[in-house]
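Novice: Quick mapping for you: the protein sequence lines, in order, are chains A and B.
Following numbering that gives the first Met the number 0, the numbering of the first sequence begins with 0 at its first residue and continues without gaps.
Following numbering that gives the first Met the number 0, the numbering of the second sequence begins with 0 at its first residue and continues without gaps.
To be clear, the hints were calculated from the coordinates, so they are not data collected in a lab.
Each hint should be verified, as a subset may be incorrect.
Stated by the list, open to error - In silico SDA-like pairs for lysine to any residue, Cα to Cα no more than 20 Å straight-line:
1) A:K100 x A:N88
2) A:K25 x B:H29
3) A:K25 x B:N26
4) A:K25 x B:A91
5) A:K25 x B:F97
6) A:K25 x B:A96
7) A:K100 x B:I160
8) A:K25 x B:G95
9) A:K100 x B:M162
10) A:K100 x A:S90
11) A:K25 x B:V70
12) A:K89 x B:V74
13) A:K100 x B:E164
14) A:K89 x B:A161
15) A:K25 x B:L19
16) A:K25 x A:F87
17) A:K25 x A:I96
18) A:K89 x B:L75
19) A:K25 x B:I73
20) A:K89 x B:T76
21) A:K89 x B:I73
22) A:K89 x B:M162
23) A:K25 x B:Q78
24) A:K25 x A:S98
25) A:K89 x B:I160
26) A:K25 x B:R77
27) A:K89 x B:F71
28) A:K25 x B:W92
29) A:K25 x B:L32
30) A:K25 x B:W93
As the list claims (entries may be wrong) - Reference excerpt, derived from the structure (chain B facing chain A, CB under 7 Å, subset only):
31) A11
32) V22
33) A50
34) A96
35) V102
36) I107
37) A134
All C-beta atoms, glycine included, are put in the ideal place defined by N, C-alpha and C.
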Amino acid sequence: MVPLTAYLVLSAILFAIGLWGALTRKNAILVLVSIEIMINAASLNFIAFWCYGKFTDISAQLFVLFGIAIAGAEAAVGLALVIAIFRFNKSVNVEEITSLKG
Amino acid sequence: MTLAQLGFLVVATLTLAGALAAVTLRNLTHAVLSLILFFFGVAGLFFLLRADFIGVVQILIYVGAIAVLIVFAIVLTRQRIGLEDFKQIGGAWWMGAFTAALVGGILIEIIRHSPEVAIFKVRSPVGSVQEIGQALMTDYVLPFEIISILLTAALIGAVVIAMEEIQNPRKEKR
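The whole structure should be built from the sequences, with the hints applied where relevant.
Specialist: Here is the structure:
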């Protein structure tokens, strides 16, 4: 039997890895990739508590479902922004995108 | 070690390896492919936690749609060199790692010091999708409708943002 804390610690480590990637990567697309890793870690936490908990309702799965939908919408709009910025700046390097003009 | 523990160890190792590779690799395409491995690993963990519907939704949406979207964005933002590097300004690499380690450490300390209230209940897999459907239509119908509006707005917004400007020729002379 796998203990609940194993899933929670795994989710915390995945969240920290995603946070490191979001703070460190220079390519704007890889920052969005790291944000997806963080959202997945939080969803894992939800489902772990749903499986091991005392409560019998289905709310955690619905939370995760809506979270996945929101993550998809955020990825779509974020990547559209990256494409539009690339068209103007010719670069997706977050250090070179320094002005809001355009 | 039981089979369940062995399965959890294998899937968790794959997931961790995928996440570490996705935030570490210099090649952009390799990072996205390891992200796909990470998504499959998380779906495997959902199956181990008896959330079958969410596991399938994870594969369908994350691997089938979001990963493909990221690959398309990489194709559309091709720079001269396909490689990328860590931040090189000052000590930013170490500061990012320190912040992430701090957050992870605080979370793990909270997990270790919280009381053990976990009860593993054997959940029947048959009623899972039915329960989700019923909850979506009765208790959670308002978030359901709002999510559909949000997705429509995101769809239209993404198309509008990424569209080429063709009706204003003065902007292209910059």
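Novice: Give me the numbers of the hints this structure contradicts, sorted from smallest to largest.
Specialist: none
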